[in-house]
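S.K.: Protein chains in written order, with this note's numbering: chain V, 1 to 249; chain S, 1 to 523.
Just so you know, the hints here were simulated from the structure itself, not pulled from any lab data.
Beta carbons are placed, not taken as given, at the ideal position from N, Cα and C, and that holds for glycine.
Hints may be right or wrong, so weigh each one.
Stated by the list, open to error - Simulated restraints, written as ranges between beta carbons of each label pair:
(1) S/Tyr-420 to V/Glu-153: 49 to 57 Å
(2) S/Arg-479 to V/Ser-125: 51 to 59 Å
(3) S/Leu-383 to V/Gln-14: 22 to 30 Å
(4) V/Glu-153 to S/Ala-494: 41 to 49 Å
(5) V/Ser-125 to S/Leu-389: 54 to 62 Å
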Amino acid sequence: MSRRDPFLQVRNLQKAYLLGRFVLPVLRGCSLNIDEGEFVAIMGSSGSGKSTLLHIAGALDTPDRGTVSFEGHDVFAMPASGRDRLRNQVFGFVFQFYHLLPELNILENVLLPAMVGSSVLGWFSRRAAARAAAEEMIEQVGLTGRIKHRPNELSGGERQRVAIARALVNRPRILLADEPTGNLDTTTGRGILTLLKRLSEQGQTIVLVTHDASVAAGAHRTVTLVDGQIRSHAAGGPAKAADSVAPSS
Amino acid sequence: MYKLFLCLRYLFKRRIAFFAIASVWLCSAMVLIVISVMGGFLDLVKARSRGLLGDLVMENSALQGFPFYQEFIDELKRDMPDEIAEATPVILNYGLIRFPNGNITKPVQVVGIRLEETYRVNDFRQGLFFDRYYPGTTMLAPQQVPVLGLDPAGKLVLPPELEAAHAEWRKTATPEDLERAKKQKGAFFDGPGLFYSANWAEEGRTAPGWAQDELPGLISGIDICAKRLPDGDYERYYPRGYQVLLTLLPITPRGTLVDSSPPKVAFRLVDDSSTGVYDIDSLSVYVDFDIIQEYLLMNAQQPEDGPPIPARATQVQIKAKEGVDPYETRDRIRARWDRFMAAHLDQTSEPQLLAEVEIKTWEEKQAKFIQAVEKEKVLVTILFCIISLVAVLLVGCIFYMIVQQKTRDIGIVKSVGATYAGVASIFLMYGAAVGVVGGILGMVTGAIFVHYINDIQDLLTRVHPNLQVWSPEVYTFSRIPNVVKGLDMAVIFAVAILASMAGAVVAATKAARVWPVEALRYE
Ligand SMILES: Nc1ncnc2c1ncn2[C@@H]1O[C@H](COP(=O)(O)OP(=O)(O)OP(=O)(O)O)[C@@H](O)[C@H]1O
Ligand SMILES: [Mg+2]
Chain V
1 MSRRDPFLQV RNLQKAYLLG RFVLPVLRGC SLNIDEGEFV AIMGSSGSGK STLLHIAGAL
61 DTPDRGTVSF EGHDVFAMPA SGRDRLRNQV FGFVFQFYHL LPELNILENV LLPAMVGSSV
121 LGWFSRRAAA RAAAEEMIEQ VGLTGRIKHR PNELSGGERQ RVAIARALVN RPRILLADEP
181 TGNLDTTTGR GILTLLKRLS EQGQTIVLVT HDASVAAGAH RTVTLVDGQI RSHAAGGPAK
241 AADSVAPSS
Chain S
1 MYKLFLCLRY LFKRRIAFFA IASVWLCSAM VLIVISVMGG FLDLVKARSR GLLGDLVMEN
61 SALQGFPFYQ EFIDELKRDM PDEIAEATPV ILNYGLIRFP NGNITKPVQV VGIRLEETYR
121 VNDFRQGLFF DRYYPGTTML APQQVPVLGL DPAGKLVLPP ELEAAHAEWR KTATPEDLER
181 AKKQKGAFFD GPGLFYSANW AEEGRTAPGW AQDELPGLIS GIDICAKRLP DGDYERYYPR
241 GYQVLLTLLP ITPRGTLVDS SPPKVAFRLV DDSSTGVYDI DSLSVYVDFD IIQEYLLMNA
301 QQPEDGPPIP ARATQVQIKA KEGVDPYETR DRIRARWDRF MAAHLDQTSE PQLLAEVEIK
361 TWEEKQAKFI QAVEKEKVLV TILFCIISLV AVLLVGCIFY MIVQQKTRDI GIVKSVGATY
421 AGVASIFLMY GAAVGVVGGI LGMVTGAIFV HYINDIQDLL TRVHPNLQVW SPEVYTFSRI
481 PNVVKGLDMA VIFAVAILAS MAGAVVAATK AARVWPVEAL RYE
């Protein structure tokens, strides 16, 4: 990785879904650069492809065309094991619908990425540290005292906070959050946003998808997805006003 | 790490997994039971075959036997003392036995043996009844009938020889022996069946003693002279010393029946023999070798016109010394026999009787039977393994269902970085765990079942006689083999684990292929 390599670079992504005989193009040459430490909000109408973009950027899905590179490494050119490692170490994903494992309690859910990342033997040496990290994350999201509870014993907002704690436990380089406030009432949503802002202040890179302009206002920068392309961008915050949108081709 | 963790979680959280465990459990128990019983049966057959014959057998297939057996036995004992422990001639022939009181006549195989030598060659002695409780009193030589009498104190007693022998047995008998003896109907002179006692008062006698003429002894196969009771013991029809009539079929060296009418010879029933092989016990009677040889005209003879005719025997049974390989000994005896035969061919008018003599080990002699059982074991094992495939399929179905239900969870695990191999191994380990738990349960219950298999069968038989699956007449052994071998257990356990993992393979592949986004897109 050289200095000039952008932190996360999304270039010219194309993605279309087949609906019966129709081809539904969702992403049509979508490009976006994210710098380290940035807090970027992606807005766009429902169905515009925000989730699709975030999934591809987080290596959970593959594009039809275009590239995603992290620190200069082409994500979809590397072997599958490399992407598995990225998902585990580099990206922390917060899903729109939380997606916690119902059989595990809160602590175990949060520990999951740490477990996935280590071998059986490695785990025994790492366990204490991982547990401490998990407990710290749970504390950060304000759920200490409920670590033995099951996800179905938690409210939506609490579940979303668990999901954030899980996404952060491996200290990912980039946090990708897909409408973390979408299913929550305004107050709870504010709480989540405050949490994200605090993380951003600690230097966490965050990419946030949202409908809500007031949520987007908390970010350094807001981009909008229209017609499958990043069309407009607005400085949502004081910092990072530099042009980080690559021209679409 | 998560693999182990998740797989343990799933095992105890998914109730449906218990069906998978149950099917592995039942199948492994079933296979263990079948292999143990069939394997035990095979071992019994082998042990029994050896016990019947000794280690090696010389015979030609001709009814008239072969000459110079004694010379060859002497040579063997003299020249191969390190290999041969004992060798004894046997005569096999056919006859009719008649029990006078019921006018019952049965066809029998008449076996002429030298009792003391036979004791040393094979397990014949273990199957004798009177010889167990009155050791050493069973003889084939001419003898009278022992009769019960009163001692001065007015107690019923047998002649002193028998009382002394019985006292001898009591000294060495274990509590189990005594217990078993007590169950034997009339084993101790209080029953009417075992010794004569009715006439002593009539004849004006009070003391025990010996009565009637001296007649040669005969040992009968147990199923000829007694009835098997459902509990496995026998009810004996005839008292010791009972007179029976044997009609014999003498055959000339040329193989023709002699012209004169067949000899009828009276014997005394002195004991009964239980080899455990029904075909033998329901067909064979044993008499003294030299006596029967004479009646069958197989002894040495000097016709007025012509050369002397040497004595003949049908079989020579040989016991090898401990630790000697019977196959190597067989080869050396064969070589010796070829030389011996060459030297004796011109001394007999029937040289083909010598030429046809074969020397076999007990295994070769019983090969057909042993192989039949061996094949049956393999067949049954294969059959049950095929049945066990059902369990594998069931495990496969259940796992497939679990994967289908848990697609979203698998997507989550993949989205935090689980690899293809990692996800696949969760389900393979899950399969292995099902195999381990089911296998352990199966081994334990299978072993317990096999251990109590005879009690279970007795119970079933009591419920309904038709439920008796192990019939001694069919299987020749009165009890179902009930020993489980550690090796069998280990192999079946390992196979159970592998089979469960194999059952999980399809589901594991499906799980590993889950595409995180597809699984996670909707709630
Ligand atoms: N697997 C799929 N098969 C077919 N069409 C799909 C699939 N996934 C997404 N789509 C379509 O792609 C479009 C973009 O979906 P996406 O979930 O990215 O939208 P979104 O911007 O996140 O919407 P929302 O704000 O409602 O979450 C939608 O029209 C959706 O119907
Ligand atoms: Mg969406």
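S.K.: Each hint needs a verdict: does it hold in this structure or not?
M.R.: Status of the hints after comparison with the structure:
1. Take S/Tyr-420 and V/Glu-153: their Cβ atoms lie about 33 Å apart, and the range 49 to 57 Å is violated.
2. For S/Arg-479 and V/Ser-125, the hinted distance range of 51 to 59 Å is satisfied, since their beta carbons lie about 58 Å from each other.
3. S/Leu-383 and V/Gln-14 have their C-beta atoms about 59 Å apart, which leaves the hinted 22 to 30 Å range violated.
4. In this structure the hint that V/Glu-153 and S/Ala-494 lie 41 to 49 Å apart at CB holds, the actual value being about 42 Å.
5. The supplied range of 54 to 62 Å is broken by V/Ser-125 and S/Leu-389, whose beta-carbon atoms lie about 43 Å from each other.
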